[in-house]
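A.B. asks: If you use the numbering used here, the sequence shown corresponds to residues 20 to 150, in order.
Bear in mind the hints are in silico, worked out from the structure with no lab data behind them.
Glycine residues also receive a C-beta, built at the ideal position from the N, C-alpha and C atoms.
Any given hint could be a false lead.
To be verified - Label pairs and their calculated CB-CB ranges:
1. Ala-108 to Ala-85: 31 to 41 Å
2. Gly-115 to Lys-56: 13 to 23 Å
3. Lys-109 to Ile-150: 29 to 39 Å
4. Asp-26 to Lys-90: 18 to 28 Å
5. Lys-58 to Ala-86: 16 to 26 Å
6. Gly-88 to Asp-26: 17 to 27 Å
7. Asp-26 to Lys-56: 58 to 68 Å
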Amino acid sequence: MESKPFDRRQFLKTAAGSAGVAAAALHAPFVIAQPAKIKVGLMLPHTGTFALYGAAIQNGFRLYVAAKGGKIAGREVEYVNLDDESDPAKAADNAGRLVNRDKVDVLVGTVHSGVQMGMIKIARESGVLMI
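Please take these sequences and the hints and turn them into a complete structure.
C.D. replies: Here you go:
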């Protein structure tokens, strides 16, 4: 194999081509995808005996997120509120609505243990995190 010497003209062609590619890359628009919001389903009592507790839990949760810059794990938070009415008979349907219709990523609630049991069933079946 005989190699040709790398002359000045060949060097300038290669350098100019490389510089052109680098310059084009610098002017290319970069698109950075925004992370999707985290949907938090707050299933708390807003009416009835435990309404004060529901308001306190909701305010505390929102205050914590606000103190962290309004984000969880670098993602903005979207809240979906639902009054559980402290009614265990409606718990599974309400939790199912948050998971299936509203597509929440996290379920937060509740004060009433009977309502909690219905929420746990839906959270387990769907794999949605429950706090």
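A.B. asks: Indicate whether the distance between the beta carbons of Lys-109 and Ile-150 respects the range 29 to 39 Å.
C.D. replies: Violated, since Lys-109 and Ile-150 (Cβ atoms, about 20 Å apart) do not stay within the stated range.
A.B. asks: Range first: 13 to 23 Å. Now tell me if the beta carbons of Gly-115 and Lys-56 are that far apart.
C.D. replies: holds, 21 Å
A.B. asks: Using the C-beta atoms of Ala-108 and Ala-85, is the stated range 31 to 41 Å upheld?
C.D. replies: Since Ala-108 and Ala-85 have Cβ atoms about 34 Å apart, the given range 31 to 41 Å holds.
A.B. asks: Starting from the range 58 to 68 Å, see whether the pair Asp-26 and Lys-56 falls in it by beta-carbon distance.
C.D. replies: holds, 59 Å
A.B. asks: Please test the hint of 17 to 27 Å on the beta carbon pair from Gly-88 and Asp-26.
C.D. replies: violated, 59 Å
A.B. asks: Check the following: the C-beta atoms of Lys-58 and Ala-86 are separated by a distance inside 16 to 26 Å.
C.D. replies: The hinted range 16 to 26 Å holds for Lys-58 and Ala-86, with Cβ atoms some 20 Å apart.
A.B. asks: Please test the hint of 18 to 28 Å on the beta carbon pair from Asp-26 and Lys-90.
C.D. replies: violated, 58 Å
In summary, the structure is inconsistent with hints 3, 4 and 6 from the numbered list given earlier, while agreeing with the others.
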